[in-house]
Amino acid sequence: MNIVVCVKQVPDTATERKLRSDDNTLDRDAADGVVNELDEYAVEEALRLKEAHGGEVTVLTMGPDKAADTIRKALAMGADKAVHLVDDALHGSDALSTSYAMAQTLKKIGFDLVILGSESTDARTGVLAAMLAERLGVAQLTLANKVEVEGSAVTIQRVTDYGYDKVQGSLPAVISVVEKINEPRYPSFKGIMAAKKKPVQKLGAAEAELAADQIGLGAAWSEVTEAAAAPPRAAGTVVKDEGDGGVKTADFLSSKKFI
Amino acid sequence: MDFALTDDQLALAATVREVLRAHCPPEEVRHGRDRRPAWARLAGVGLFAALVPEEHGGLGLRLADTVPALEETGRAAMPGPVAETVAAAPALLAGEPDSLGGLASGKLPVSVRLGEQVYIPDADLAELLVVESGGRAYALPAGTGLTHQPGVDPVRRLFSLAPSALDAARPLPGGDPRLALRRVTVATAAQLVGAARHLLDTTVAYAGTRRQFGAPIGSFQAVKHRLADVAIAVEFAAPLVYRAALSVDAARPTADRDVSAAKAAAGEAAEQAARTALQVHGAIGYTDELDLRLWLARVWSLAAAYGGTAPHRARLRESILSDPGRWP
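Top line first, the protein sequences correspond to chains A and B.
For what it's worth, our numbering labels the leading residue of the first sequence as 357, then goes sequentially.
For what it's worth, our numbering labels the leading residue of the second sequence as 258, then goes sequentially.
One should not assume that every hint holds.
With a Cα cut of at most 20 angstroms, we get these calculated EDC-like pairs of lysine to aspartate or glutamate [as the list claims (entries may be wrong)]:
1) A:Lys546 / B:Asp264
2) A:Lys552 / B:Glu311
3) A:Lys554 / B:Asp264
4) A:Lys553 / A:Glu412
5) A:Lys552 / B:Asp264
6) A:Lys502 / A:Glu475
By construction, these hints were calculated from the structure, which means they are not laboratory data.
Modelling step: build the complete structure from the supplied sequences, incorporating the hints.
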């Protein structure tokens with residue numbers, strides 16, 4: 357089975373994230389890049405499926421040069437090879453453009469199963485899996501906390517508010533996973549050393565045959581025109597207890613209709 | 258020659274750091290010592306196989322490759338005989354294929370008594386003890402003739418060995434206690450650097466939140482300077498540790514001198530970090546409730562291990578002054 361895992365490099369959630377002053381896109385140089393956490397679950401699931409059914413795991417990422425670190429981590433975890441879609445023309449792509457670029461690349465490299473994390477910690481749109489499935493014309497099985505493949509049938513448990521749905525499709529298909537699905541492995545020393553010998557194919561927009569008017573900031577359907585930092589939290593009111601603290605507190609709660 | 262750390266060395270350290278962050282938090286250091294927190298996980302990623310030759314199931318790495326990873330074990334104050342098992346044991350058990358396999362899998366924690374070391378650290382957490390006697394290495398089954406000795410670090414416990422226990426010892430003809438001592442000294446220096454980094458980070462964070470005279474105490478120059486001095490000491494010590502590892506790996510004639518320079522510098526930097534951390538934290542730094550004490554104790558314990566700062570400085574001085582190339 358030919359499994360492609362889509363991974364994304366995101367700014368470390370522990371650091372302060374900023375927008376660029378020139379075009380209001382995410383400033384990817386301002387923060388350390390890390391693998392989007394949910395994508396690690398996707399890589400783990402791909403590796404488990406490979407271990408159970410055989411085949412090959414390819415990592416696909418779209419992002420600037422430094423996204424190569426993210427590829428290296430996925431390869432160290434055990435993926436076999438990688439494709440890095442990198443081009444300045446892709447800068448500022450919105451979800452639609454990204455799904456177009458990724459879908460074109462996926463058609464080029466071929467796949468039986470595409471696995472994604474259910475969302476990224478930076479953009480948090482959570483729509484890429486659905487968009488990819490639509491563009492590729494294959495089944496979409498999203499928000500899975502369990503995946504089973506038997507022959508050409510793939511079955512997932514989709515997490516819902518009330519429990520889960522059992523969803524079945526046939527390969528080829530696109531799956532997105534939630535963090536309850538597994539526990540991602542740590543890259544082993546052996547895996548880390550093997551990673552640098554694994555092939556990484558770099559593709560530009562031209563090689564991936566992307567139409568220039570479909571990608572980048574210019575093709576985005578929405579534009580951030582202005583951004584401002586959230587106002588700092590206002591200082592609270594201090595109630596001094598002069599024997600009537602309870603009454604004052606009750607008055608306050610009552611004024612907010614809590615009691 | 259390029260002295261920068263390689264991507265691989267940094268990636269090995271990153272994976273060790275990730276494991277320790279998840280499986281060896283301060284609560285585990287405080288309460289979990291006896292179950293060897295994170296040990297099995299780190300065995301899974303291959304830390305204990307690093308210096309074991311490939312033909313015995315290891316990775317055949319050099320000590321230098323593991324220095325940043327060993328720093329991380331110090332940063333987390335990880336309990337157990339880590340430096341001994343990772344660095345010393347492969348050199349001592351070189352002639353024992355079965356033991357090397359156990360080492361590589363992480364199922365054979367080893368502690369040692371080498372050189373002038375009096376006590377065996379974490380002997381109760383080891384499955385095998387190796388002691389040096391008359392320049393030779395001997396293996397002992399764990400648990401016999403051990404007496405817990407009072408020590409500064411309640412987590413890194415020290416044990417004396419009854420002389421009669423040596424009667425049951427088995428010689429290790431392929432073992433190289435001299436190489437093992439060099440390696441474990443460098444590994445301990447790396448852990449000291451890691452512990453110092455943790456103390457510095459924690460103290461800088463504390464100085465940024467603790468307020469006095471209407472401002473964070475970190476805004477006062479007297480506090481800033483102390484912390485800057487620690488940062489400088491740590492940054493000066495870290496390359497000496499790496500250099501020592503390279504010298505030991507290549508068996509350079511200056512290896513012993515470089516090991517002494519590394520241990521002395523790392524010990525001094527870490528003790529300075531500990532002293533400053535305590536000073537900046539003030540009285541709360543002494544308390545049992547704050548995790549700081551776990552790192553203070555570890556620094557004091559490791560700084561004295563495998564030769565304290567003074568003997569290593571003396572050996573360094575001796576080596577430089579007796580070098581005719583330097584002092585014709």
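Against the structure, the hints:
Note on Lys546 (chain A) and Asp264 (chain B): the hinted pairing holds, with a Cα-Cα distance of about 14 angstroms set against a maximum of 20 angstroms. This hinted pair checks out: Lys552 (chain A) and Glu311 (chain B) have alpha carbons roughly 19 angstroms apart, not beyond 20 angstroms. Restraint check for Lys554 (chain A) and Asp264 (chain B): the C-alpha separation of about 15 angstroms stays at or below 20 angstroms, so the hint holds. Restraint check for Lys553 (chain A) and Glu412 (chain A): satisfied, since their Cα atoms lie roughly 16 angstroms apart, inside the 20 angstroms limit.
Restraint check: the Cα-Cα separation between Lys552 (chain A) and Asp264 (chain B) comes to about 10 angstroms, which is no more than 20 angstroms; the hinted pair holds. Straight-line distance between C-alpha atoms of Lys502 (chain A) and Glu475 (chain A) comes to about 17 angstroms, which keeps the hinted pair within the 20 angstroms bound.
Checked against the numbered hints given earlier, the structure satisfies every one of them.
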